[in-house]
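Asker: Place chain X on chain E using the hints.
Note that the protein sequences, when read in sequence, are chains E and X. The first sequence begins at 1 in my numbering and counts up by one. The second sequence begins at 1 in my numbering and counts up by one.
Since the hints were derived computationally from the structure, they do not count as laboratory data. Owing to the predicted nature of the structure, the values given are computational and were not obtained by experimental measurement. Please note that a few of the clues may not be correct.
[Unchecked claim] Calculated pairs, DSSO-like style, for lysine-lysine (alpha carbon to alpha carbon, straight line, at most 30 Å):
#1 X/K76 x X/K215
#2 X/K215 x X/K51
#3 E/K129 x X/K51
#4 E/K322 x E/K129
#5 X/K28 x X/K51
#6 X/K215 x E/K129
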Amino acid sequence: MIRWAILIAILVTSVCLALRYGQISVPLDVLWNGLGTNDGPGSLILGTIRGPRVAVAMGGGFVLGLSGALFQTLFRNPLASPDVLGFTSGAGLAVIFAVSFNLAIAPTIAAVAGGVFAALVVAAIAYQKGVETPAITLILVGLGIGFFATGLATFLMTVLPTSSALEAQRWLSGSLSGSTWGNAGLVCGLGSLLALFALAQSRALGVLELGNDMAKGLGLSTEASRWTISGTGVLLAAVGVSLTGPVPFVALIAGPLGAVLSGATTVAGRLLAGGMAGAIVLVLADLVARVAIPNTQLPAGVFTGLIGAPFLLWRLGVEMRKGRV
Amino acid sequence: MISLENVSIGYSERPVIDNLTTEVPQGKVTTILGPNGCGKSTLLKALACLKVPTQGCIRLDGIDLSTLSSRDRARKIAILPQHPIAPDGVRVGDLVRRGRTPWRGALSPWRTEDQAACDEALVAVHLQHDQSRTLVELSGGQRQRAWLALVLAQQTPILLLDEPTTHLDLVYQIELLQLLRDRNRNSGLTVVSILHDLNLAARFSDHLILLGAGKLVDAGPPDTVLSADNIRAGFNLQALVTRDPITSAPMVVPH
Numbered sequence: 001m002i003r004w005a006i007l008i009a010i011l012v013t014s015v016c017l018a019l020r021y022g023q024i025s026v027p028l029d030v031l032w033n034g035l036g037t038n039d040g041p042g043s044l045i046l047g048t049i050r051g052p053r054v055a056v057a058m059g060g061g062f063v064l065g066l067s068g069a070l071f072q073t074l075f076r077n078p079l080a081s082p083d084v085l086g087f088t089s090g091a092g093l094a095v096i097f098a099v100s101f102n103l104a105i106a107p108t109i110a111a112v113a114g115g116v117f118a119a120l121v122v123a124a125i126a127y128q129k130g131v132e133t134p135a136i137t138l139i140l141v142g143l144g145i146g147f148f149a150t151g152l153a154t155f156l157m158t159v160l161p162t163s164s165a166l167e168a169q170r171w172l173s174g175s176l177s178g179s180t181w182g183n184a185g186l187v188c189g190l191g192s193l194l195a196l197f198a199l200a201q202s203r204a205l206g207v208l209e210l211g212n213d214m215a216k217g218l219g220l221s222t223e224a225s226r227w228t229i230s231g232t233g234v235l236l237a238a239v240g241v242s243l244t245g246p247v248p249f250v251a252l253i254a255g256p257l258g259a260v261l262s263g264a265t266t267v268a269g270r271l272l273a274g275g276m277a278g279a280i281v282l283v284l285a286d287l288v289a290r291v292a293i294p295n296t297q298l299p300a301g302v303f304t305g306l307i308g309a310p311f312l313l314w315r316l317g318v319e320m321r322k323g324r325v
Numbered sequence: 001m002i003s004l005e006n007v008s009i010g011y012s013e014r015p016v017i018d019n020l021t022t023e024v025p026q027g028k029v030t031t032i033l034g035p036n037g038c039g040k041s042t043l044l045k046a047l048a049c050l051k052v053p054t055q056g057c058i059r060l061d062g063i064d065l066s067t068l069s070s071r072d073r074a075r076k077i078a079i080l081p082q083h084p085i086a087p088d089g090v091r092v093g094d095l096v097r098r099g100r101t102p103w104r105g106a107l108s109p110w111r112t113e114d115q116a117a118c119d120e121a122l123v124a125v126h127l128q129h130d131q132s133r134t135l136v137e138l139s140g141g142q143r144q145r146a147w148l149a150l151v152l153a154q155q156t157p158i159l160l161l162d163e164p165t166t167h168l169d170l171v172y173q174i175e176l177l178q179l180l181r182d183r184n185r186n187s188g189l190t191v192v193s194i195l196h197d198l199n200l201a202a203r204f205s206d207h208l209i210l211l212g213a214g215k216l217v218d219a220g221p222p223d224t225v226l227s228a229d230n231i232r233a234g235f236n237l238q239a240l241v242t243r244d245p246i247t248s249a250p251m252v253v254p255h
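The shape of chain E in the complex, shown without the other chains (with noise of 0.2 Å):
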């Protein structure tokens, strides 16, 4: 209990910062006074720059870090996380695909319609017949799909005008400038409901984490879990993308750090607590993303990418030595 109290706080402490520094640092009583008011300088940061910004910061991060978590879970494998497995750069490529066509798509429409893709393109070409598919083919797969994604979203950038395709640049590095009130509304709406799903999962999960056989013995279809809960993970990268840009590595820290600083040993508090870690990491990043260099926003993704890499390759050694990659 007394880790969760420090995961929350951790949180709390996080959002704070982030509502308090950036190009103008703003002291905590400045915003709190503009919390009940119309004007003065705490309002106009909190309700205007800094306010929705650090909202969606939270939200995606969760979204993320939850759909982390789950996959993390679902193939018992610390590396698979929708980064990782190329969804988020399907649903880049995806968002970047129709703002390039002129598509009147909805970005989340466009996000959750390339992430679904890229997920079945990965599953297509892992898939073994009568065979649990291992996780690392589906990593090595992932990745490939993901390096694909990524190349094509740039090369379309090409076709763009020259503004749009800064944009462009900016967002598919993760950036979360221009957040508005409406965009936190939808990924905390969406995301709470996919959470919500998700968390009906965790039984599901907890018993497929026993392995195939197992998991059959105890009455459990174990096919149509498996979709199920990869369907979920896939919608909750998505909604996270649509509105972050598929920013890197979030989802593949989150679910790790969010088991040691909970210390959860349950399927539920795990899943929770990468949820948390998410918007941990990436409030985080976007903070620094805003205060590293003065006067320049660089985007948040640069961050987290260079925690992430990192990680990647300490991850994948310590994989390597455990002889599970």
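Answerer: Then chain X, alone, in the frame of chain E:
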């Protein structure tokens, strides 16, 4: 009682189990014996519906197993596979709770009867004081008993176990087999397991099913099944069959 009628399992051109007709008596301890690769595991999986026969029919009290829903089947037959996967950092209590899966809806709350089943299962395997320990902290014997508690919490009249004593020291093997037999004697649980040790099987079983290369060699009480002829037929092994001086069960001594 589980009855198998002309059951073939595996690939149609090369069946692992070929045209097997036998039965598993109710309320008894049954052991499946046979050399490596003879299809013991495949047979056990078919009894739990993890494998579907390509031919023939497996009936439980006259009902075709394949007509049962997976949940209904899981309320009648539990299986402990040879290599269940232990989730990282899982605690004994949490592991055993998962045995209640077939009795719970996706969203139904944890009921007193679920808790009672888990408590009872933990007491049966002598792990009632170890609920909050993680599985990795336990010894090999304790770990296997924790898995056993999971399938006992499933509260089925039939329990299948795939090589439950493999990788255990002799002391723990005997402890586990004793536990299974006590469970059978006290609550009428039908136990079907795969064992490699013929002498332990003879000592702890009421009924043996001896397989040799996908075919039935013999089935019945240990006294009749463990004959020198059957062991030659099943294992291609010359052996002397004598009496265990302690239990007077048949004892196989290879030449």
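Asker: Would you mind marking each hint as holding or not holding in the structure?
Answerer: Against the structure, the hints come out as follows:
1. Restraint check for X/K76 and X/K215: the C-alpha separation of about 27 Å stays at or below 30 Å, so the hint holds.
2. Distance restraint check for X/K215 and X/K51: the Cα-Cα separation of roughly 17 Å lies within the 30 Å cut-off, and the hinted pair is therefore satisfied.
3. With a C-alpha separation of about 15 Å, the suggested pairing of E/K129 with X/K51 holds against the 30 Å cut-off.
4. For a cut-off of 30 Å, the pair hint linking E/K322 to E/K129 stands: about 27 Å separates their Cα positions.
5. As the CA atoms of X/K28 and X/K51 are separated by approximately 23 Å, the hinted pair is consistent with the 30 Å bound.
6. A threshold of 30 Å between alpha carbons decides the hint, and for X/K215 with E/K129 the separation of about 28 Å falls inside it, so the pair holds.
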